[in-house]
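Q: Residue numbers (numbering that gives the first Met the number 0), protein chains in the order written: chain A, 0 to 319; chain B, 0 to 462.
Just so you know, these hints were derived from the structure itself, not from any lab. Every residue gets a Cβ at the ideal spot worked out from N, C-alpha and C, and that includes glycine. One or more of the hints may lead you astray.
As a list, the in silico DSSO-like pairs of lysine-lysine whose alpha-carbon atoms are at most 30 Å apart [to be verified]:
1. Lys-129(B) to Lys-208(A)
2. Lys-208(A) to Lys-145(B)
3. Lys-422(B) to Lys-329(B)
To list a few chain B residues with every Cβ distance to chain A over 10 Å, as calculated [claimed, not checked]:
4. Pro-36
5. Val-103
6. Gln-104
7. Ser-113
8. Pro-116
9. Pro-127
10. Ala-176
11. Asp-235
12. Asp-257
13. Gln-331
14. Glu-362
15. Ser-365
16. Arg-421
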Amino acid sequence: MATGQGDTESDGESYTRRWEPRLERLKRGWSRYSEHNIGILGLVILGIFSLWAVVPGVFAPHSTDWVAYLGEPPIESRLTAEQVRSLPHPPAFGDPFFAPLGTNANGNGILSLVIYSASNAMYIGLAAGLLSSLVGVPLGLISGFYGDTWIDEAIQRFVDIMYGLPFLPFLIVLVAIRGITTTNIIIGIAVTSWLNNCITIRGETLSLKERSYVESAKVAGASDTRIIFRHIMPNVLPISFVFLAQDAAGAVITQASLAYLGLADFTANSWGIMLENIKSQGYIFDAWWWLLPPGIALMLMAASFYFIGFSMEDVTNPQR
Amino acid sequence: MDRPDDREPLVEIEGLRKLFDQSQGIVDTVLGREPQPVRAVDGVSLDIYPGDTVGIAGESGCGKTTLGKLLVKLYEPTEGTIRFDGDDVTDMTREDERQFRKRVQMIFQDPFESLNPRMTVYDTVSEPLKINEMVDGYDERRSRVKQVLEDVGLGPAEVYLDAFPDELSGGERQRVAIARALVVDPDFVVCDEPVSMLDVSIRAGVLNLMQDLQDEYDLTYLFISHDLSLIRYMCDRAGIMYLGNMVEQGPTDDVIDDPKHPYTEALFDAVPDVELGDDRRRANATGEVPSPRNPPSGCRYHPRCAHIIPPEDWGGSQAAFRRAFQFKLKVQRGELDAEAASDDGDPVESLVEQGLTLDVPEEYRSEREIETGGHRTDAASLDLPSDARTALDEAAEALLDGDQDAAVAALDEVVTTPCASRKPRPLPSGTREVACHRYEDGDANTGAIGGSNGGLNAAPAED
Ligand code: SF4
């Protein structure tokens with residue numbers, strides 16, 4: 000080590016040395032993650048969806064307002080009767096227009112709609128997953144750590160009550176009161192999905208707090224907060240990752256089902272709404288190019304969350 | 000190894016009790032049953048002097064681990080006091096508690112459990128420093144951790160700092176656990192079975208290290224172990240626990256070479272003597288350890304004791320009384336099988352002989368017991384007084400009639416023992432304290448009973 004340098008220098012040095020092991024750990028974690036092919040597959044799929052969500056314009060051939068035959072807005076003319084009859088149009092590549100996945104009954108390009116809907120699905124999945132983890136994990140930790148006290152009792156009774164809540168009627172009441180917006184739907188999904196989180200984490204905490212390393216931390220003088228967050232939480236993270244991914248996948252699918260039932264914000268673009276439209280307009284058996292893409296996109300997104308959750312579990316779990 | 004009179008004790012334990020309430024099931028509440036707490040530690044007193052190594056031995060479930068955890072304040076005592084360096088640890092201010100946490104540490108049994116699998120060696124060892132804000136700055140902390148790691152034989156420390164527990168062997172892990180305990184430079188360390196989970200080949204290494212560290216760090220140790228050879232190897236003073244009671248304590252050599260309490264004697268009998276190349280011998284104690292939820296009255300060891308004291312007016316031998324007392328216990332527990340007895344010969348005789356058997360390892364059994372696989376013994380060869388014999392026959396008859404209460408009543412007058420009615424208090428006897436009625440009225444009593452039990456106990460009363 001070079002000596003005789005300024006204080007700031009050596010501070011920086013100790014800082015790098017301090018972070019080095021953590022970087023090293025990250026690297027090790029990645030090499031373990033990348034052992035799983037499906038983990039990589041999940042990341043790739045999610046990566047593509049993220050790009051679609053962030054810069055849809057780069058990938059989509061048209062905007063969502065594009066209409067077959069007429070082109071991008073502003074649209075001055077109207078479709079002829081013959082053109083209307085040809086909609087929904089099967090995939091076309093330049094003649095009479097370019098729409099690789101065809102169009103829907105309004106003449107909008109399916110591929111563009113699918114790409115523009117990715118952001119909505121990502122948002123709902125991540126927001127609902129994170130929300131239910133952020134509520135469920137801390138409550139589960141506290142409930143487990145203070146197991147068999149009034150704190151635990153109170154949280155568990157609350158969970159019981161929430162379990163009794165029927166999901167669909169609850170959601171209908173919620174949106175009736177607060178309006179059909181994506182945010183309300185996310186809240187509706189998270190309100191029920193944190194319960195599983197909480198119960199599993201509580202069970203895990205109950206067993207972890209009996210470990211002697213927790214006792215050893217107590218002997219060293221650690222506070223309850225330190226024990227919960229430093230000693231117990233890192234050991235429940237693997238399962239909470241799995242739950243986060245599962246909840247995200249579940250939320251995307253739930254939102255699509257809700258959209259199919261007509262409980263969705265129709266000003267937003269979403270795969271669920273595309274499916275609802277094809278049903279309500281009666282083309283399920285006629286326009287496969289309209290039916291399949293949103294369904295497949297939905298399935299892939301849910302799968303990628305599951306795949307990532309599964310591989311993360313292995314990385315964060317040292318006992319393999 | 001003299002009793003340190005001039006020094007102040009570091010730890011003073013007085014009348015310590017810890018009961019664990021088991022949460023009551025709904026059925027018990029409805030039926031109005033009294034909750035039966037587990038009496039893990041029940042009235043233990045002990046002084047530990049600075050620089051000593053005290054060993055606590057006993058079978059599993061005797062409360063020794065609970066005692067250790069009480070000493071490091073992992074549990075709050077139900078009753079009694081623990082004073083550390085003069086201060087009551089059960090009643091401390093926050094600041095006092097911080098000081099206490101720096102001075103008292105514990106090493107746990109299982110190094111695979113006592114290290115957080117997600118923390119590196121550096122994080123684990125430096126944690127007590129951080130919590131107690133003992134060393135400022137990352138660099139100083141790191142060098143302190145390195146120094147301790149090297150002290151516990153994990154050198155060069157650089158190799159270990161960033162390792163996770165699952166990359167280390169059992170011995171290395173236990174050394175990390177020791178380093179974690181020592182990093183705050185404590186005065187008193189409780190070691191709960193520190194090597195029992197380690198490979199036999201590395202135990203000695205870890206124990207020697209702990210001895211070296213004792214000098215280097217000026218430590219006082221409390222060793223908790225079921226392994227008597229470890230206690231003999233490590234400790235200057237030893238305490239023997241049975242069902243939450245401290246039955247005997249004193250300088251290790253005295254306790255081991257000349258055990259006074261019948262339980263200690265039985266415990267040491269059970270240790271295979273490596274030097275003599277003996278096979279594993281087993282204890283001369285009847286039956287199993289009773290539940291700490293409902294311990295026996297009087298002396299807790301009395302249902303198993305080989306030297307149980309006969310009543311004043313007992314005319315026969317102590318050995319005969321021990322058997323007669325076992326008969327009574329079996330009647331009380333309803334263990335005698337009247338039906339099997341009525342099958343062969345005289346049912347009363349057969350039942351009495353069945354009741355007089357001892358549930359002990361083979362080397363302590365009578366010939367007839369070995370022949371019959373422990374089901375019968377020869378009543379005639381026992382030195383039973385005639386009134387006792389009559390009482391036994393009466394009880395056996397009552398049992399054959401199916402009247403258990405009458406059987407117990409028949410025995411109640413004749414087969415009694417002070418051991419079951421009075422609790423022996425730990426009293427000084429020579430260099431140590433023993434909790435046994437045989438040592439209460441001076442050594443005269445010991446001699447008398449030692450003589451009448453056929454030389455089974457040759458406890459010399461040289462003190
Ligand atoms: S008090 Fe009686 S029963 Fe207890 S150990 Fe002494 S002799 Fe045995």
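Q: Run every hint past the structure and note whether it holds.
A: Verification of the supplied hints:
no.	hint	in the structure
1	Lys-129(B) to Lys-208(A)	holds (21 Å)
2	Lys-208(A) to Lys-145(B)	holds (29 Å)
3	Lys-422(B) to Lys-329(B)	holds (22 Å)
4	Pro-36	holds (16 Å)
5	Val-103	violated (8 Å)
6	Gln-104	violated (6 Å)
7	Ser-113	violated (4 Å)
8	Pro-116	violated (5 Å)
9	Pro-127	violated (4 Å)
10	Ala-176	violated (7 Å)
11	Asp-235	holds (24 Å)
12	Asp-257	holds (36 Å)
13	Gln-331	holds (36 Å)
14	Glu-362	holds (38 Å)
15	Ser-365	holds (46 Å)
16	Arg-421	holds (38 Å)
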